[in-house]
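Each chain, letter by letter, is given below.
4 protein chains.
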Amino acid sequence: MNKNTHIWEAEVRDYEVDLQGIVNNSVYFNYYEHARHIYIKTLGIDFYEWHLKGYELVLIHSDVSYKGSLKSGDSFCVTTNLSLISRLKFAFNQQITRKSDNKLINVAINTATCINKNGRPEIPEELAALLLKIAVA
Amino acid sequence: MNKNTHIWEAEVRDYEVDLQGIVNNSVYFNYYEHARHIYIKTLGIDFYEWHLKGYELVLIHSDVSYKGSLKSGDSFCVTTNLSLISRLKFAFNQQITRKSDNKLINVAINTATCINKNGRPEIPEELAALLLKIAVA
Amino acid sequence: MNKNTHIWEAEVRDYEVDLQGIVNNSVYFNYYEHARHIYIKTLGIDFYEWHLKGYELVLIHSDVSYKGSLKSGDSFCVTTNLSLISRLKFAFNQQITRKSDNKLINVAINTATCINKNGRPEIPEELAALLLKIAVA
Amino acid sequence: MNKNTHIWEAEVRDYEVDLQGIVNNSVYFNYYEHARHIYIKTLGIDFYEWHLKGYELVLIHSDVSYKGSLKSGDSFCVTTNLSLISRLKFAFNQQITRKSDNKLINVAINTATCINKNGRPEIPEELAALLLKIAVA
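Residue numbers (the numbering used here), protein chains in the order written: chain S, 53 to 189; chain F, 53 to 189; chain L, 53 to 189; chain W, 53 to 189.
Pulled out of the complex, with its shape left as it was, chain S reads as follows:
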């Protein structure tokens, strides 16, 4: 875990648990999204403000490995690292770990880009500068 790793801690909410008695797979995507949004906010990037300016931060690819399951009552932490892949792509390396026994529950690489009003990938200067700060840190 490098010094740029962002950590978000939370607990399972019972409505997130499905009929198998475990947190539904789609909920891990909710966790990852929330972790990404609060992470980039600490970097000065507000997901929703960029939307209002006409730039959409969107995922283009997810690679997800399900290693275990969270249950009712579990606390967990989501770690997030950001790396620049190319001029137009950046990847969030994310993991979900159960706190009670440090078990790795889920590992994902969520790759993103920024789309302008014409639907084309474009990372505006200001955003690029903020992202670059992390990458070189």
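By construction, these hints were calculated from the structure, which means they are not laboratory data. These figures come from a predicted structure and were not determined experimentally. All C-beta atoms, glycine included, are put in the ideal place defined by N, C-alpha and C. It cannot be assumed that every hint is accurate.
Stated by the list, open to error - Coverage of chain S stretches by chain W, computed from C-beta distances (three or more under 8 Å per stretch; other residues unrestricted):
(1) 75 to 81
(2) 100 to 109
(3) 112 to 120
Unchecked claim - Reference listing, derived: stretches of chain F covered by chain L, where coverage requires no fewer than 3 residues with Cβ under 8 Å from a Cβ of chain L:
(4) 110 to 120
(5) 176 to 184
Stated by the list, open to error - Simulated crosslink set (BS3-like; lysine-lysine; CA at most 25 Å straight-line):
(6) L:Lys141 with F:Lys155
(7) S:Lys119 with S:Lys169
(8) W:Lys123 with S:Lys169
(9) F:Lys141 with L:Lys155
With chain S's structure known, arrange chains F, L and W on it following the hints.
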């Protein structure tokens, strides 16, 4: 059921079922919302277009009675009726019934209004006219 | 607010916000449910353990007033009080308040009972005793 | 598309749309899950019944490419193919396509296994036989 009753039929999706093995309560609100939106669309009212014009159709009150539970594999129908309560309020009378045995699962009165850009209740002429058509029908 | 009031604090997650730019109505039910579950857990009542024992704690009625809206970035608190209504019914009086300006966003009375394996309302001794402790406190 | 391709058609529900005005990424996982469950049901495999017997059908990996976005009002179809990868793994090849213009919205390979009560991968005879029927067809 009067001739203005709108019926939407669907089946339970397993991710909607929670750790008790029944559809989570909050999901009935999802069903009701979707039923309202497709109902008013048949009347020429597009929820999202009104949002883009600066008018928000919003709930102000819900009265909900939980009579039974839907489970994995159940098919159900949501019936919706609209009645005008006052110049600024309209009520959706909604019910969810399981199809296999016609059991009543949920009954709700969801009362709504329309909010303008200043955050004040206001039902524009055009919308009022569309709503009135139902009420007198 | 009496001394039995339970408070749960959290922040809006962006995936809870819908196309109107506000937290979707059904999400308030998620918040209320989670607040109830962690509240009764502090009283020694584990929702899921009772399920495994064959007793389902279920809502029978909700009365909900929508007073305002939460948005992306908002922090909020949910307050919960429990009162016994009858031998077989108890009510959760719940409110959601935005933290930045203390604005009341939502008020609800969520009435619950306990259902045994035969589908009949029954509150077992042990559960009744735990609930009664609050009521007389 | 081979003759074993399963197709599920549906329309976007407004509560699935997030503050960017597009269907939230996590919802595609809901769509895929529902499509898988109704597909395997047509093969005689009931996800929930196997859970009750002590066998959990679970995802172990997802590879997801986001090609476009669904919006309010869109109808879409989810296609699903099943292929056996090894004695203990099977893959669902899934796609989401918008109906109005046949645009490909999302492509995923969701790899699954079956876990027994001891938490070990095990595909019981009966289940293996049902899965094999597809693979050779």
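Verdict on chain W covering the region 100 to 109 of chain S, criterion of 3 CB contacts below 8 Å: Check passed, 3 qualifying residues.
Are Lys141 (chain L) and Lys155 (chain F) close enough, with their CA atoms no more than 25 Å apart? The hint holds at about 23 Å.
Hint check: Lys123 (chain W) vs Lys169 (chain S), CA-CA at most 25 Å. Holds or violated? With a Cα-Cα distance of about 16 Å, the restraint between Lys123 (chain W) and Lys169 (chain S) holds, given a limit of 25 Å.
How about the region 112 to 120 of chain S: do at least three of its residues have a C-beta closer than 8 Å to a C-beta of chain W? holds (count 7)
Against chain L, does the region 110 to 120 of chain F show at least 3 residues with beta-carbon separation below 8 Å? It holds: at least three residues are needed, and the region 110 to 120 of chain F offers 9 whose Cβ sits within less than 8 Å of chain L.
Report holds or violated for chain W covering the region 75 to 81 of chain S, Cβ cut-off 8 Å, minimum 3 residues. holds (count 5)
Restraint status (C-alpha distance of Lys119 (chain S) to Lys169 (chain S) at most 25 Å): 38 Å, violated
Mind checking, does the region 176 to 184 of chain F have 3 or more residues with a CB under 8 Å from chain L? violated (count 0)
Verify the proposed pairing of Lys141 (chain F) with Lys155 (chain L), using a straight-line Cα cut of 25 Å. This hinted pair holds, its Cα atoms lying about 23 Å apart.
Hint check: violations occur at hints 5, 7; the rest are consistent with the structure.
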